[in-house]
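Top line first, the protein sequences correspond to chains D and W.
When the count follows the numbering used here, it moves up by one through the first sequence with no breaks and lands on 311 for the last residue.
When the count follows the numbering used here, it moves up by one through the second sequence with no breaks and lands on 1311 for the last residue.
It should be emphasised that the hints constitute simulated quantities derived from the structure, not laboratory data.
Among the clues, some could well be false.
Residues on chain W that point at chain D, a partial pick, calculated with CB under 10 Å [stated by the list, open to error]:
no., residue
1, R1070
2, H1109
3, G1151
4, F1170
Idealized CB from N, CA, C, for every residue including glycine.
Protein chains: 2
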Amino acid sequence: MGAVREGSAEQRAYLDALVERGLLVPSGVPGVYGRGADFEAVRLGVDALVTRAAVDDDAEQLRFPPVLPRRQLEATGYLKSFPHLAGAIFAFEGGDAQALALHDAASRHEDWSGHVDQSELVLTPAACYPVYPAIARRGPLAPAGVTVDVGGGYVFRHEPSTDPARLQMFHMRELIRIAEPETVAAWRDAWRDRAVELLRSLGLAAELDVAADPFFGRGGRMLARSQRQQELKFEILAAVAGPEPTAIASFNYHQDHFSSTFEIAMEDGSAAHTACLGFGLERVTLALLATHGLELDGWPDGVRADLGLHG
Amino acid sequence: MGAVREGSAEQRAYLDALVERGLLVPSGVPGVYGRGADFEAVRLGVDALVTRAAVDDDAEQLRFPPVLPRRQLEATGYLKSFPHLAGAIFAFEGGDAQALALHDAASRHEDWSGHVDQSELVLTPAACYPVYPAIARRGPLAPAGVTVDVGGGYVFRHEPSTDPARLQMFHMRELIRIAEPETVAAWRDAWRDRAVELLRSLGLAAELDVAADPFFGRGGRMLARSQRQQELKFEILAAVAGPEPTAIASFNYHQDHFSSTFEIAMEDGSAAHTACLGFGLERVTLALLATHGLELDGWPDGVRADLGLHG
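All chains, full assembly: derive it from the sequences and hints.
Now the structure itself:
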């Protein structure tokens, strides 16, 4: 297992309280938890609230599993920018004797590396990744392009931590816009402001900030600086446990990064740009539980109504 | 990539029709697809129908991500019985120089094996797997035990195929019973009969049969024979594409396999047994689309109503 990033004392205490109350169920691996009924009720309530806020987008509904062809990850340069977060799927390809050797190693919790081969699949690192090749397959886009709603799918980040807001597998509620550059930029800006309002309406002390992705290594620091200077990424921050603010939603303008990789263009031959927005559904849920308490009965009536928490 | 199991001509033609109609979206890897809005409407309708059928179970609602600590898979003997279906997650642990080497290999679509290490996680092979250790953590069970509803979570099986009913990642709608042996056996039998009725009420020509798991290798044939003789597994079969019937639901009595592995017992010290049932939500959806047609508008009114297909 890679190094576990220890949460602060407040974060670890919050995790303990969530487990004690049955909101999260420990699996034995940091950042991987089951979810109790109340946690899910809030998470799905936030999901449905985003759906209602997106009604004017009239988005195409597409859903994708949490695995992706590794060719797609390789093509986007994800492994240059975020190698430390990726998850590759390995599988067994042998016969009877090899199976016995795998089982032997596994029954002693040894490394299986010598017994499995890399498959064609990786874990999906962000809910928008499968959308670009899927839209590219259709050929050039009509004017005004397309908006895609991928719902709240599971994504993977290999960053084991005892901070409950840093999960290895979590639901990212995403919308994606693919169109002319100015259309895409305006959509991203409008949603950024709408999302701040939406999260504040739930009682969260949500603040918008320019942000950067967690690019890897020495070269990553330059990439992050450039991304900030161009204001390509915004995040909405809120307190979850302790003073350190946590990003609970992000708004990303990719310019032509994905459209050039997957060759998505407008019908008139001009470039298409892309943007996406993502709500971290578990993080929003954790921020709400931290703000209003672990007993949903005691939450403000308006918040309960907005999230469809009945009974 | 492992060997792709080619579907029959009928299965491949059905896959083509599903893609043409936008119900499934190809990813480039067999058995991994996006889902269009109509496909999802049916899948979620079936999911909700199972929820209504389960109301008398008054089950505890728990949800789990599609990854599992590999220790849990190792402990259950899954790698002895089904090594060919497992998926292990590998991740990068290096520094700047190693990241460059990974990116180099990946950008040529070479094997990453030399650049990543095995993580503590595997893909969840069946939706019930995380339940047993989670229940074990609570200590001995009160009389009549517990029923757990895990919803319709994603599970992984490494069996790439051009049969659309054989997916690598699909939703298994599961309920799990953990209690005294006779209670568990009776629950499994009652649900088996209820599920046949439920699926026939949707217009499917569903048939119940004794079945066996796809155990690996030479030793697996004996395990399968024993499982059949003891009637530990039943499946509901329906036609999807062509004459070969497809299992769309299964009902499994594990006796003390999981309860002894994870040390689950009743309060009075007697043994707890476990059983689970699973609806393959994508397979039920594919059987319904094959039976009633790819245009949901034309489906029988009663089926549309039962699945909540409006508009």
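Check your understanding: Are there hints from earlier that the structure breaks, and if so, what are their numbers?
Key -> none
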